[in-house]
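Novice: Given only the sequences and the hints, what does the whole structure look like? Please build it.
Number of protein chains: 2
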Amino acid sequence: MDLDRLGEFGLIARLASHIPHRSRRVVKGIGDDCAVYSQPGGNYLVVTADALIESVHFDLNTTTPEQLGWKTVAVNASDVAAMGAAPRFAVVTLGIPKTTKVNFLDRLYKGLGRACEAFGVDLVGGDTVSTPEHWMLSLTMLGETRKKRLFTRKGAKAGDAILMTGTVGDSALGLQILKSPGKKWSGSPADRKHLIQRHLEPTARVKETAKLAKSRLRVTSMIDVSDGLGQDLGHLLSASEVGAELWEASLPLSKPFENTCIKNGLEAGELALGGGEDYELLFTLKSEDVKKLLRSFVNYGTPVTQIGEVTARQGVVWVRTNGRRQTLRKPAGFNHFKENG
Amino acid sequence: MDLDRLGEFGLIARLASHIPHRSRRVVKGIGDDCAVYSQPGGNYLVVTADALIESVHFDLNTTTPEQLGWKTVAVNASDVAAMGAAPRFAVVTLGIPKTTKVNFLDRLYKGLGRACEAFGVDLVGGDTVSTPEHWMLSLTMLGETRKKRLFTRKGAKAGDAILMTGTVGDSALGLQILKSPGKKWSGSPADRKHLIQRHLEPTARVKETAKLAKSRLRVTSMIDVSDGLGQDLGHLLSASEVGAELWEASLPLSKPFENTCIKNGLEAGELALGGGEDYELLFTLKSEDVKKLLRSFVNYGTPVTQIGEVTARQGVVWVRTNGRRQTLRKPAGFNHFKENG
Chain A
1 MDLDRLGEFG
11 LIARLASHIP
21 HRSRRVVKGI
31 GDDCAVYSQP
41 GGNYLVVTAD
51 ALIESVHFDL
61 NTTTPEQLGW
71 KTVAVNASDV
81 AAMGAAPRFA
91 VVTLGIPKTT
101 KVNFLDRLYK
111 GLGRACEAFG
121 VDLVGGDTVS
131 TPEHWMLSLT
141 MLGETRKKRL
151 FTRKGAKAGD
161 AILMTGTVGD
171 SALGLQILKS
181 PGKKWSGSPA
191 DRKHLIQRHL
201 EPTARVKETA
211 KLAKSRLRVT
221 SMIDVSDGLG
231 QDLGHLLSAS
241 EVGAELWEAS
251 LPLSKPFENT
261 CIKNGLEAGE
271 LALGGGEDYE
281 LLFTLKSEDV
291 KKLLRSFVNY
301 GTPVTQIGEV
311 TARQGVVWVR
321 TNGRRQTLRK
331 PAGFNHFKEN
341 G
Chain B
342 MDLDRLGEFG
352 LIARLASHIP
362 HRSRRVVKGI
372 GDDCAVYSQP
382 GGNYLVVTAD
392 ALIESVHFDL
402 NTTTPEQLGW
412 KTVAVNASDV
422 AAMGAAPRFA
432 VVTLGIPKTT
442 KVNFLDRLYK
452 GLGRACEAFG
462 VDLVGGDTVS
472 TPEHWMLSLT
482 MLGETRKKRL
492 FTRKGAKAGD
502 AILMTGTVGD
512 SALGLQILKS
522 PGKKWSGSPA
532 DRKHLIQRHL
542 EPTARVKETA
552 KLAKSRLRVT
562 SMIDVSDGLG
572 QDLGHLLSAS
582 EVGAELWEAS
592 LPLSKPFENT
602 CIKNGLEAGE
612 LALGGGEDYE
622 LLFTLKSEDV
632 KKLLRSFVNY
642 GTPVTQIGEV
652 TARQGVVWVR
662 TNGRRQTLRK
672 PAGFNHFKEN
682 G
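First to last, the protein sequences are chains A and B. According to my numbering, the residues represented by the first sequence are 1 to 341, in order. According to my numbering, the residues represented by the second sequence are 342 to 682, in order.
Read the hints as simulated data drawn from the structure, not as lab findings. Quick caveat, the model's predicted, so the values are computed rather than measured. Treat the hints loosely; a few may be bogus.
Said to hold, decoys possible - Across the chosen pairs, the derived CB separations fall in these ranges:
no. : chain 1 : residue 1 : chain 2 : residue 2 : range
1   : B       : Arg365    : A       : Gly159    : 43 to 51 Å
2   : A       : Pro132    : B       : Gly523    : 34 to 42 Å
3   : A       : Gly301    : B       : Ser364    : 23 to 31 Å
Backbone N, C-alpha and C fix where the C-beta goes; we use that ideal spot for every residue, glycine too.
Specialist: Structure follows, in structure tokens:
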């Protein structure tokens, strides 16, 4: 069988079956944003690893070494945040083409260092090896959380509100702009620059998850939006064995995103739903707590928006701005072994 | 500046300077076999990461997927063992060429699974991504140890005995045989097969380090032999700010290694000193404890041998079998950004 027939998630499930867990201290293995391991002291350790491969995940013609370093840390910090945990420490392995200049590495490490500082992570070690041709970065990050404040993909119940931090779609549109250097884009260059930056220098919602974990708000499930809103919502819903209504009119879109879509005849809703790498938190909350949550985020700096509702009936109903109700069969998003679709 | 002028260890030192540690919980950062992080419960977590790149670290014409999976786990377990710690859990990132067959991956995971079982590790998660061409595997392993039983490279004192587990040189000679398919080797094919297997399926001295950590034997420093006996001894000695006498006549050589060297006119001592990937423990011990240690390893299954002595005077004196004393300037071994030498 070929990899593209199995797909990334089929692959992960198949591979997980080879590796039984032996220790009771493994609270969660493969299948969430992080694995969870119980510590003797009573807290949980969460652990995640993400690899970035040149020409698959990044292009050195369009990203600076500083941005690459930043992003490598941020995408992992986002996974840690999605568990309700605080990032603690990380190790990085770098596969470096032999022709690399030391100056390039210094700049890469500057970016790693800045992101570590921003997200409260200590980079404690790693491995550097040479590669035949392409860059490879793999970062493993560990975080900690109290047992009671662990957020996972499982736990959403019918009637819960679906919310997300920040805005959605910016990164996907930024990537689209980066990938079409020949295209004549209409609208403001500053808008396009903003979108590109959102793709190359994503943030991780470390402070926001800490705020939620400290509060008494009843968060029932959480995931970060990396593969795309539609696909990640799908992961959360299948882990929770529920469905959802998703409201197009409520999606939090940035001004640069809306403007660029309008000026270039792009379907904002579709792009926001299918595009990946927003690194925002997508979570569900007991509906009685929504008002209190929204109040607590007023003047906080990061918008939080309700974008739908959990339903007992499985599947996602995409409520369009024009009132039409579409059933999303297989949510769109990024699959490493298939073309987007 | 080019990477090959800086070398791997120069590079690591330079990069470490970009990343200050913020938390007091970082007991050790870059510069030992593992980083060390203190846990709330009072134990230490140790963490290590090793990446294996196709055509740099392995060749799919000569290694099976099972062996590749096994070795990826074993090399990290060896780093954990070198800290006196017990492996607990690991995450793996796989960079997979798009043309890979699922059957190949199943076999790779079988190897990962077998090694996890052998060394007591739970594989709890990871990331799978596609690569343009070459395989990439990066594994991060976490282990635990009691604070008092942490072994590091620092701590050897003049007069301490230098010991190692197992035998040295097998893996380097196995690699040499693999890399010269056209060469006519003299001696027994079974010997050569053994040496190749020692290269492709190394063990990690997890049980041996547990035995040492549980004992009252005063181990003063430890490292695993991955870059080569000469080079790794050099790391241990510079961390401890001491020197050593290394006795060629005492080096533990396997029969297949000795036979193959003799039949093919190879210098056994030089090869054992310079070759890498033995994944044996190299450690120092208060000289009064040597007898007791050697007694406790009789009939244990893994040989332990004294191969030298720590000296106050820095540098390594290589005492040849013929009685000559040579000063090793720069120990030989593997440098990822230079040719061996």
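Novice: Hint by hint, say whether it matches the structure.
Specialist: A quick look at each hint next to the structure:
1. B:Arg365 to A:Gly159: 43 to 51 Å: Since B:Arg365 and A:Gly159 have Cβ atoms about 45 Å apart, the given range 43 to 51 Å holds.
2. A:Pro132 to B:Gly523: 34 to 42 Å: Hint violated: Cβ distance 23 Å, outside 34 to 42 Å.
3. A:Gly301 to B:Ser364: 23 to 31 Å: 25 Å, holds
Violated hint for the displayed structure: number 2, the only one.
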